[in-house]
Each structure stands twice: as C-alpha cells, then as structure tokens.
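Top line first, the protein sequences correspond to chains A and B.
One point on numbering: in our numbering, the residue at position 129 of the first sequence is 129, and numbering is uninterrupted.
One point on numbering: in our numbering, the residue at position 272 of the second sequence is 272, and numbering is uninterrupted.
Since the hints were derived computationally from the structure, they do not count as laboratory data.
To be clear about the criterion: a stretch of chain B counts as covered by chain A if any three or more of its residues have a C-beta under 8 Å from a C-beta of chain A, and this derived list gives those stretches: (1) 64–72; (2) 82–95; (3) 362–371.
List of simulated lysine to aspartate or glutamate pairs, EDC-like, C-alpha gap at most 16 Å: (4) K211(B) to E295(B); (5) K161(B) to D302(A); (6) K377(B) to D110(A); (7) K215(B) to E295(B); (8) K377(B) to E209(B); (9) K377(B) to D210(B); (10) K340(A) to D41(A); (11) K376(B) to D110(A); (12) K121(B) to E44(B).
All C-beta atoms in this analysis are idealised placements derived from N, C-alpha and C, irrespective of residue type, glycine included.
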Amino acid sequence: MNSAFLGDALFVVIALSWTVYLVQEIFITGSSALNLTLAKDEGERKQIQVASGLHWDGIEVWLIAAIVLTFGAFPLAFATSFTVLYVVFFLLLYALITRGVVIETLYKLDNSRWIRANAIAWSVSSGLIVFLLGVYVTSLFYGLPIEADHSASGSVFALFNVTTIGGGLLFLSLALASGAAWIALTTEGALADNATALIKKYGIFLMPPVFLLLVFMGFNVLDNSIFIGVLFTAAPILFVLPALTFVTSLGVLYFGLKQQADRLFLFALLTMALFLVTGFVGTYPIVLPSRVDPAFGITIADAMTQVASARIIFIAVCFFYPLILFYQGWKYKRFAQKVKPHDA
Amino acid sequence: MVEILSRLQFALTIAFHFIFVPLTVGLIIIVLVFEFRYYRKGEEKFKKLSNYFSDIFLINYAFGIVTGIAMTVQFGTNWGNFSIAMGDVFGSPLVLEAIIAFFLESTFNGIWFFRRHALSKGLRLLTVAMITAGTTLSAVWIITANGFMHNPVGATWNGTKMVLEDFGQIVLNPYTWYMFVHNHLSAILLSGFVVLAISSWHLLKGKAEDKELFKTAARYGTWIILITSILLPVLGNSYLAYLNTVQPTKIDMITGLDTAALAVVVRLSFHVMVGLGFVFLGFGIYTTVFRKRYEQSPTLQKYYIYLVPLPYIAIIAGWLVTELGRQPWIIYGIMETSAGVSDVPVSQVWFSLITIVLFYGILFVMDYVLTIARIKKGILAHEGGVVNE
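Generate coordinates for the entire structure from the input sequences, incorporating the hints supplied.
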C-alpha cells in the first residue's frame, strides 16, 4: 500500500463516512425539528422522541468518525478548516450538545415549563445542526475562504454566500421531508397520519429540486465549480451523477405530493447520498478547496499523513466498518416495531 | 493572549467533561455487576438496582458524551498547530477510539435508554456489557493519545512534526497503562462513593419499601471503595517509581526541589491526593467492618451523603499533578504548549470562551437538578426505558 493509494482510499473512506452520517442524520434532525409543529400533545412528542432518540447517538458517531478520520488522514486539512471556521464550529458544537442532551432529558422532570423549553431547544438545535452542516459541506465542495498561507480570508461570515446558504436550505428541506416520512413510517396513530400532510401544506417538497439546482449552478463561486475537477474533466460520463441527483430530488417532490411516505423517505435519502457523491467526485483530489484562488486549495498529497499512520487507519477501517454496519443494521431491524401512541 | 485563553478554555471544557466521565465509566461497571447477578440468579432485586442506577448513569452519560466533542473541536479550532505537528501520531488513536469504542457505546446506549423494558435477560446483559466495553476502550485510546504527550515513544521529532516509527510502542507505552489503570480505579472508587451516598440518603429519607434494596447497594458501594482504595496506593506507588525514570521535572515538582509557583501547586495537589487516598482506605476498612453500625446509625448515614466531593477533589488533584507537572511541554521534552496554538483572531477565542462558560453553567444546573430529582424518586415500578416515565 503506497502513499497515493492510501491517500485515495482514505479520501473515499471520509466521503463514505460523511454519506452514511448525513443520510441518517437528515431524518433524525428532520423529525426532531418537526416536533414543535407536528406533535399535538406530549404523547405524540414522546413518540417522536422514541423514534429518533433510539438511533441518534449511534448515528452522530459517524460525524465524529468523519472528523477524526480527517484529523488522522489529513491533519493539515483538519486543522485549517477548523481554525478558519472557528466560530461556525463552535455554533455547531453548541447545537450538537443541546440536541444530544435535550433528546434524552426531555421527560426527566414533571414540569410543563421544563418540557416546553426543552421541546423548543430540541427543535431549534436540530434545525441548526442540519442547516450548518449543509453550509459546511457545500463549502467543502465549492471552497472555503482560505488564503495561500492557509489563514482565513474575510470575516466570520465569509463562509455564507448564496451557494452555501442554498446548500444549508437543501439539507434542511431534505431533513424535513425525510423526517416527516420517518415519523409516518415508525409511529402509529394520528401522528403518523398527519406527518407528511403537514409539510406538504408548507410546500417543503418543492424545496429540494430548487435548492439543488441553485447549489449545482455554483452561483457566486466564480471559476471554482465542482464540475471542472479532474474526474469530471477526464470522464464526462460522470455527469450522470448530478443528473441522477436531480431526478431523485424530483422523486422527493413527486412522492411528497402523492403522500407516499416509504418512497418519499427513500428518494430523500437517495438525493442526499447522490449529492454527496457528486460533490466528492467533483472536489477530488482536493481535500480542502479555496474559494479565494483554486491554487490555494489543499490536496490529498499536501495534507496526507505518513504512510505508516495511514496504513493503520485504513486497516482499522476495513476491519471495523463492516462490523459497525452489521450491529447498527441489527439494531434497526431488531427495534423496528412501530412506536404506538401510548407505549412510547 | 490567544494561548492563555485557549489554555483556559481547554482546561475548563475538559474539567467540565470530567465531572461526568469518572462517574459514568465507574457506574456502568457497577451496573454490569448488578446485571450479571440478575442474569445468573434471576433475582429481581438486582434488576431493580440495575434499573435505578442505570437511570442515574444515563442522565450523566447524556451530558458526558456530548461535552466530549468539545475537545475534538478544539484540537482543530484552538490547537491547530499542535494537530498539524502531531497528526501523524495523534490521529490514529483518535480514529481507533471513535470506530472501536464510540460506535459501540453509543449504539447500545440508545437501546438501553429507550428500549430497556423490551429486552430479554440475555439481551440486557449484552447491552450493558457492550456499553461497558465501549466506555472502557474509549478510555484506553484517549489515554494512549495523552500518554504519548507525557512519554513520547515510538515516534521521533523531525524538526517540524512528529514522525511515527513504531505504533506498537505507542500502544504498549507503559505510561499509558499506568495512567489508565490509575484513572479507571479512581473512577470506580468515585462511583462507589456515589452509590454509598445515594444509598445513605434512601436509608435516611427514602421510601420504607426501598430500604432493604439500598442496604444491598450500600454493601456493594462499600466493598468497591475498600477494594479500589487498597489497589490505588499499591499501583500508585509503582506509577510514581516509573515517573522517576521518564518525567524527572515532574518528580522535582512533587518532591519540592522545584520551587516555582506552578511547582508548588503540583506538590500540594500531590499531597492532597495521597492524603485523601489514605482517608479512603481507612474509611473503606471502617465501613466494611462496622457495616451493621452504619445501617442503624442515621448520623453516619447523614455524613456519608456529603462525602461525594472528596473523591472528586482527589481526582482533580491527581489530574493537576499529571498535567501541570508536564508543563511547559505539550509533548514532553519535544514541543512547548505555546507552539501548539492556532493562528486565530483573539476576538473569536473570547467569543467561544464566554459563550461556553455561560452554556456550561446552564448544563451544570440541568444535570444537577435532573440527577438529584431522579435519585430522590427511588425505585420505580416500571422497567426503565421511557415507559410510564
């Protein structure tokens, strides 16, 4: 295993971790964010809590894995992105801490003000998590405000522009769509019946295709489009990926309007996964692109750890990832019973 | 200024995280013991005790697990230059911690929290065993990373960064294993005190029907304190002898040869830790021998409720010895702490420091209120999970 192979392999592993994470996180954060508008009483809120609470922490570890894998495989890229996005990462951290605590302590005190405050915090932090992740991941594809010496360019808010905010809203809308479908699929009673109808009323299903197109246009990001990377240039057949992503986002719209929860769920997850695959294919071999000047971006070769460390990480991933997927898959299957209104 | 604030912020966030860590890694072992007794003998009282202490474990675990992410974030936001220099060596233990330990504990914790009532006896034991394995392995790997910072073996400094040479040496670093065993024993000791304090409260003020159960819990708490307080000084002594060979400047601070202000703090902390260690040993022996007297004496029970801060003080003191004794090094003998800090505007560090102090203040109050409220509810009829809560 030489350096070039390991660098590519770990790039794929990190892309895979982000994909496995976000495909699941969208329906957890989405169903959580919906608790305020959807749950008519505490019984229904508790159904949502159980349906998403059972899985959230096992899923969040995929985020930690993606972050520490970046640290282990590409230390320079890890340190640079976190230093440049200092404030954004602290906001994300606060949202993650709030969600994690609240989802478990919601009903630990018999006090209606406690429950109300926690329900609001649960909803807001969940929405913020998925929005900020959308902004961050879109920036990972289109470039961060990085100068030649890897220092930050511009202010704290330099991360936010039309494309990245579009990415944030894309993630949020996919989260709400898949979250509503998740509630419809994993709970019983009035809650399940109303879940997808409510977000249809607010036109959420229209958002994924619209924001997807906005992000793909790369408006305001000059010559740093994801479609001019080495892979898209070398193999134009890969343009089937963004095309498929758009088709699946139309699937979200179609099955959302038709109120078919199972297909809606499937297509929302597929849209998320294909968007990420398109983005990572587009940025390869750059781990951290720069929006200031494409030449300032950090490539796999620039940031790569030494071969000995990369080999340990890669072997550990090859051994443990199948095992993790196995026991997390078992958990989904073993606890697949629908959450009833009164046995939550 | 960025360095001072970043150090303050890291110390604060890791100290806050460490309120929950020793309690949860110790308590889950005690829950595992109860669960094992229930699995073997099918005695209902052990199931009830396991459910009760699991509830207290789960509240604190919820706070512990998420506040741990704060450290990972700070490696990048505040200690970027440390991460770049150390990435080749520091990265792999963190990756292994996440994929071996975090996945395991988090996946099974969700089951224990939300679906405990739906599990068979065997699946209960498996779930608790997996959480215990996850928390223990997590401690092993993070201490592997920390142990390297104290005794950098298996890698060399090439002028700009650490270069990995032998991963086996990093994993088998004696410093790591001394530290791990010492830390874990003190965490179990602390949980013993917590179990004993909670049991004392129930013997004094709890429901009448719970009293027999909490006598059993108190017995377990006492034995745990006794066993760990015997092991701690024995192993601590060889830990100290080993430190003589790898960290001479720390030994100078402990013995008083170094008289700088920082060294005085280290020396005092060391004496506080060792002094308390002997108090715990005496306490463990006394309570084991005179257990009947404790069970009948409201005065003793009242005092025992307030003993929980003592093991926390001992743990913090021991920690000050370990980490302050390492200064000025971030990697002992190789890289100074000041060289590890990020190039970040000081205003941003002020922002994070102030907001995190406020935020953690709220979290601390929440955890305290929830834990005390759950303790006082006593044994509940339901199985746990979220049924009828």
